[in-house]
Every structure is written in structure tokens, then in C-alpha cells.
Amino acid sequence: MAKHVIEIAGLYKDYDTPAGVFPVLKDVNLTIDDGEYVAIMGPSGSGKSTFMNILGCLDRPTKGEYMLDGHSVKSLSSNELAKLRNKTIGFVFQGFNLLARSTLVENVSLPLVYAEDQKELRTKIAKNILERMGLGNYFDSKPNQISGGQQQRVAIARALVNQPRIILADEPTGNLDSKTSDEIMKIFDELNQIGNTIIIVTHENDIADHAGRQVRFLDGKIVEDRHNKKQKEKA
Amino acid sequence: MFFSMLSEAWHAMSANRLRTFLTMLGMVIGVGAVVLMMAIGEGAQQSIKRSIDSMGSNLFVILSGSSSSSGSRSASGSSSTLNMNDATAIGDLEDINAFAPISVGNAQIIYAGNNSNSAIVGTTPSYFSIRRWDVESGELFSDSDIRSANRVALVGKTVVENLFGDEIDPIGKTIRIKKSPFLVVGVLEGKGQSFDGRDQDDTVIVPITTAQRKLFGNQIPGSVRMIMAQAKSEKYMGVAEEAINDLVRQRHNIRENAESDFSIRNLTAMAKTASETAKTMSMLLGAIASISLLVGGIGIMNIMLVSVTERTREIGIRMAIGAREKDILLQFLLEACVISIVGCVIGVGLGLGGAMLVKKMIGAEILISMQSIVLAFSVAASVGVFFGYYPASKAAKLHPIEALRYQ
Ligand SMILES: Nc1ncnc2c1ncn2[C@@H]1O[C@H](COP(=O)(O)OP(=O)(O)OP(=O)(O)O)[C@@H](O)[C@H]1O
Ligand SMILES: [Mg+2]
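Sequence lines, in order, name chains A and B.
For what it's worth, my numbering labels the leading residue of the first sequence as 1, then goes sequentially.
For what it's worth, my numbering labels the leading residue of the second sequence as 236, then goes sequentially.
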């Protein structure tokens with residue numbers, strides 16, 4: 001039996017708003033195995049991004065248990081969480097969240113800065129991955145000088161640069177045309193093939209069909225969790 | 236790691252050049268002011284110390300004429316109520332080591348068409364030992380010169396410069412003081428400025444008897460303008476002053492409540508006061524300048540706070556991809572330190588330039604000590620750390636998701 005990478009039990013997340021406590025996640029339970037390819041679906045506002053932020057160790061749940069690699073995230077210090085975000089988890093944000101003042105190479109190599117790699121090595125790795133993303137001509141451009149689709153690819157490149165085992169992507173193809181989407185999904189497929197755990201939020205069935213498992217959120221709860229028989233044959 | 240953070244700090248600063256420059260300006264002015272003020276203050280202290288050293292130690296000057304009635308201070312020493320016998324009597328006191336009667340005046344001195352208006356001091360050879368003043372070449376005059384009122388003279392360096400230039404050896408030459416000829420027997424070593432600002436080297440010293448009889452034309456024979464007396468040690472200066480006062484009052488038959496016709500000045504105490512005043516002044520200058528440094532530091536804090544708020548999203552992104560609190564803290568702290576240290580370097584340069592300018596324009600003595608520069612640097616660095624720390628820790632404590640959501 002495969003190892004559990006992620007175990008979520010009885011997870012709640014409330015937001016304190018001026019209008020009172022606003023529950024977003026209500027008793028979420030989910031276990032994901034090493035090497036799984038999961039698509040998270042559901043209508044807008046159902047709590048998908050909130051859930052992903054907790055998975056990515058960016059936010060803490062109000063209540064409930066989150067075990068990552070068998071360790072309770074609750075008990076980790078902020079330094080240990082930072083290290084997880086840097087090395088173990090690659091996060092692709094729903095917005096691109098790139099540094100506007102920095103070049104693409106600088107943006108992509110930023111996680112390596114915090115991993116304390118040498119500058120020459122950082123630049124080499126960053127350029128290499130940008131080339132694979134088809135951005136070989138834009139090394140020294142700023143994010144506002146390239147298209148939205150290109151920015152999304154930079155964001156993906158940055159998430160992958162430290163070779164994380166777990167990749168979390170919040171609507172990574174939301175801003176891409178279908179051809180580019182296919183190219184991006186190919187990257188995720190390949191990453192999954194070499195054993196990475198991948199969790200993708202998407203609205204599109206077409207994209208979700210890349211995943212072997214589909215989880216549907218509605219109103220802060222998981223309403224469907226099924227094996228995907230239609231998972232596209234990998235080339 | 237450190238270098239890439241440094242270059243990033245530089246990046247962030249050059250992204251907002253005008254703001255960085257203005258923030259830095261506060262630091263530049265503060266450090267510049269500290270360096271300049273310390274240079275002036277220490278220069279003043281140094282010049283006072285030098286003139287005190289040149290004065291001689293444990294000295295009293297007894298001046299003819301009363302000084303207690305207001306406004307007559309400048310007139311003291313002008314009427315000659317003291318005489319040679321008073322001087323001898325003072326010299327016989329138990330706590331007094333040495334004494335020298337002095338007659339002073341100004342006169343025109345001529346040599347071969349050059350002339351100089353210098354101070355003329357008539358005194359005895361003990362004057363030289365009291366003031367620790369020796370000849371640089373030639374020799375001092377002797378007691379026999381006093382007895383026979385010889386026309387011999389010792390000249391100070393400034394007088395030599397004015398009358399003889401560099402070429403001529405003054406010794407053995409004849410100069411004219413108030414038209415009467417004097418033989419130059421020695422050149423005095425340089426003393427520099429006295430602490431009231433006179434050039435002590437612009438002086439000609441002659442035997443007191445010669446001065447009395449042939450230069451100043453005293454009405455009362457044997458009278459002197461002042462007497463210099465040296466106490467045996469600093470400890471007995473108080474006792475000695477009292478003894479001198481009693482002695483001279485008694486000799487002049489002054490009744491109990493009547494005003495003295497002379498005054499005593501404790502030069503050593505005056506010198507001490509002067510040096511303490513200079514010290515206080517220089518500390519005060521430094522303190523005032525430090526306030527501008529403080530203001531500069533507050534400016535840095537202000538800008539760093541603005542910068543943290545503006546870059547909240549950036550901080551969130553950095554945290555999301557693995558920056559630890561420590562990294563964020565260091566990043567902003569480094570930025571504050573770079574601003575304050577670069578400002579400090581410019582400020583030191585400006586302060587030194589200003590000090591040179593002051594020296595040139597008003598001729599004040601300037602002392603630039605390594606100490607003051609090191610002090611300015613360390614203060615600037617600590618200002619950077621101190622005022623940068625709060626904004627930086629504010630940045631480091633941000634919650635990643637909230638920071639990311641910040642618009
Ligand atoms: N910081 C917050 N404070 C208050 N409410 C919040 C906050 N963040 C999210 N919410 C609320 O939580 C709910 C779920 O938001 P979330 O971003 O997780 O939705 P989502 O499923 O990702 O939607 P979408 O598909 O549009 O991205 C929304 O109703 C939103 O209003
Ligand atoms: Mg979302």
C-alpha cells in the first residue's frame with residue numbers, strides 16, 4: 001500500500017469578518033497517497049483556495065488535524081513551515097504573485113535564494129526551467145512586459161524550481177488558451193509520472209480528466225470523491 | 236546568501252531613488268554635523284591644552300592696580316603700585332618657588348628698514364625657568380645684565396620672521412627698540428598662542444632694569460607692572476595666594492576694609508577653567524549634532540515603515556516560497572543599515588570637508604580624530620539597526636496569506 005502523504009481529519013476553517021464568524025471549511029476529511037494526481041473541483045466560493053492554502057502550509061486551520069508525511073503540521077515552528085514551503089511543496093497561485101520589480105530569472109530563482117544555493121547555480125537552474133517553459137527569450141523581462149499566459153508559466157516555473165515532491169496548483173490553466181493549457185498539463189503529467197504528488201484546482205472537466213482522482217467541494221464540504229476512469233492515457 | 240540580500244537591498248533602494256536619497260540626507264547631515272562639531276570641539280581643546288602647556292605650571296600673576304571695582308579690570312596693571320621690593324618679598328614666602336618682576340609694553344622695533352610692533356617684556360632670568368622658556372639659539376641674559384641694565388634682547392620667532400627673514404642670523408645684530416640700540420643675544424623657542432589668543436612669539440624680552448630706565452621711562456624708580464610667582468606645588472596654591480595677599484597688603488599699609496591696590500590671578504586655575512569650558516563646549520556641540528543624527532534615524536524608521544506597508548504583498552510572496560521570518564527581518568534590516576551606512580560615509584566626507592572649510596575661513600584649529608570617525612560610523616550603524624529593527628520585525632511577523640491578500 002502506498003504511503004499517505006496528506007491526511008486531513010475533521011478540518012474546519014472560519015474567517016472572522018466584521019459581520020461575525022464566517023465558516024468556510026466544515027469538517028473536511030481527505031487522505032492523499034504519495035504519487036497521486038488529484039483534481040479539486042467545485043463552484044466559485046466553495047472553499048477550494050482556502051483548502052489549498054492550508055495544504056500549502058500558508059494558513060492554519062481553525063480546527064482539525066493536518067498530517068504531512070506523518071507529521072502534524074500544527075506542531076511545526078514557523079521556520080519548519082517555511083522550509084516545507086521552500087523544499088517540499090511547490091505552490092502555483094490563482095493570481096500569479098510574481099515580484100513586479102524583478103526579472104523573470106530573479107523571480108524564478110527566488111526559492112533557491114532561500115534554499116541558500118549559489119548565485120551561478122540559481123541562475124543556471126532558473127534559465128533552464130524558463131527555457132523548458134518556452135520563455136527562453138524573456139530572461140530579463142519584468143512580469144508586466146509579458147502576457148498573462150506567460151506570467152502563469154513563470155509562476156509554474158517558480159513552483160517547480162526547487163523540485164518539490166508535492167505540487168499544489170490553484171487553477172494553473174485559468175488564464176491559458178487550450179493549446180497552452182495542454183502544454184502546461186503535459187508538464188504536470190510528466191511530474192506525476194516521475195512520482196510527484198499533484199493536486200490541481202480546476203473548473204474545467206477537460207483538465208480534471210488528467211487526474212486519477214477527482215474531489216468535489218460544495219459549500220465548504222467534500223461532496224464527491226471518486227476515481228477517474230477517464231484519466232487520459234499518458235503518452 | 237548575505238551578498239544576494241545586499242544586492243537586493245541595493246535594488247530596492249534604487250527602485251525609489253529620490254526617496255532613498257532624501258532619507259539618506261537625514262543621516263548625511265547628522266553624521267556630517269557630528270564629525271564637524273567634534274573636529275571643532277577637539278581642535279579648540281587641543282589648542283587650549285597647548286597654550287596651557289606653554290604657560291608654565293602653578294603660576295600666579297600679581298597685577299598693579301585694583302581689579303575689584305567693576306569695569307576697571309582692563310586697567311589693572313596700568314598704574315604701577317608694585318615694586319621690585321614687593322617682588323623680592325613675595326619670593327621669600329615659604330610656598331613660593333620662584334618669582335619674576337615684569338614690566339610690559341608695546342614698542343616699534345626696527346632692523347635694517349624692517350619694522351615690527353611687538354610686545355616688550357622686561358624681566359629677570361628667573362622668568363625663563365618659571366615659564367619653561369629657553370633659547371633656541373644664542374643664550375639667555377644673566378643677572379649681571381640686570382645689574383648693569385645692559386641693552387641686550389631676546390627675540391621671539393615671529394619677531395625674527397618680521398625683522399630678519401630666513402636668511403639672516405639675528406644673533407649679534409643690533410635692533411632698535413624705541414630708537415635705542417639693543418644687541419640680540421638669543422632667539423627664543425616657539426611658544427605658539429596663549430590661551431587668550433595672543434601670539435607669544437611676537438615678543439622681545441629685555442632685562443627689567445633696562446626696560447624701566449630706557450624704554451618705559453617710569454616715574455617711580457623700581458616700580459613694576461606685574462609680578463609672576465610660581466608656587467611650590469599645585470596643592471599649596473590656595474595657601475600661597477592668601478600669603479601673597481596678606482604680605483602685599485601689609486607692605487602697602489592697606490587698612491582692614493580698604494580695597495587692595497593690586498590683584499592676584501591664579502593662572503593655573505584660569506587655564507583649568509578654560510580647558511573645562513572647552514571640554515563642555517565640545518561635548519555640547521557633539522550632543523546637539525547627535526540630535527540631528529537621531530532625527531535622521533527617525534527618518535529612516537519612517538521610510539522603512541512605509542516601505543514595509545507598500546511591499547506587504549512582496550513579503551507575502553517571499554514567505555509563500557520559503558522565506559523564514561529571519562530572512563525577511565534581515566532583508567529590511569539590511570536595507571535600513573545600507574541607507575544609514577552609505578549616508579554615514581557621505582556624511583563623514585562632508586563633515587571633513589566642512590572642517591577644512593572652517594579651518595580655512597576662520598582659522599580655527601581643527602582636530603580630526605580617528606576616534607570621532609569610528610564613533611560616527613558605529614553610531615550610524617546602530618541607528619540603522621535600532622530604527623530599522625521595528626519596521627523589519629513588523630514585516631517578519633506578517634501572516635503569509637494575509638500579506639498575499641493585501642491590496
Ligand atoms: N480572508 C477572508 N476573510 C473572509 N472571508 C474569506 C476570506 N478568504 C476567503 N473568504 C471567503 O471564503 C469563501 C471561499 O473562498 P475561496 O477563495 O476558498 O473560494 P474558491 O473555492 O477558491 O473560489 P474560486 O473558484 O472563485 O477561486 C468565499 O466565500 C470567500 O468570501
Ligand atoms: Mg480559488
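There could be a bad hint or two in this list.
[Stated by the list, open to error] Chain A residues, not near chain B, derived (Cβ > 12 Å throughout):
no., residue
1, ASN29
2, ALA82
3, LYS83
4, GLU106
[Stated by the list, open to error] So, partial list: chain B residues that the calculated Cβ filter (under 7 Å) puts toward chain A:
no., residue
5, ALA250
6, ASN251
7, GLU560
Source of the hints: derived by calculation from the structure; they are not laboratory data.
Every residue, glycine too, gets a C-beta built ideally from N, C-alpha and C.
Now for the hints, and whether the structure bears them out:
1. Consistency note on ASN29(A): stated as away from chain B, and its beta-carbon is indeed over 12 Å from all of that chain's, at 22 Å minimum.
2. Taking the minimum C-beta to C-beta distance to chain B, about 4 Å, the non-interface status of ALA82(A) is violated against the 12 Å cut.
3. Chain B draws LYS83(A) into its interface by the beta-carbon criterion, the shortest separation being 7 Å against a cut-off of 12 Å.
4. The claim that GLU106(A) lies off the interface is violated: its Cβ sits roughly 9 Å from the closest Cβ of chain B, which falls inside the 12 Å cut-off.
5. At about 6 Å, the closest approach between the beta carbon of ALA250(B) and any beta carbon in chain A falls short of 7 Å, and the interface hint on this residue holds.
6. Using the Cβ-Cβ criterion of 7 Å, the hint placing ASN251(B) at the interface with chain A is not satisfied: the shortest such distance is roughly 10 Å.
7. Interface hint status for GLU560(B): upheld, as the beta-carbon distance to the closest one in chain A is roughly 6 Å, under 7 Å.
Checked against the numbered hints given earlier, the structure breaks hints 2, 3, 4 and 6 and satisfies all the rest.
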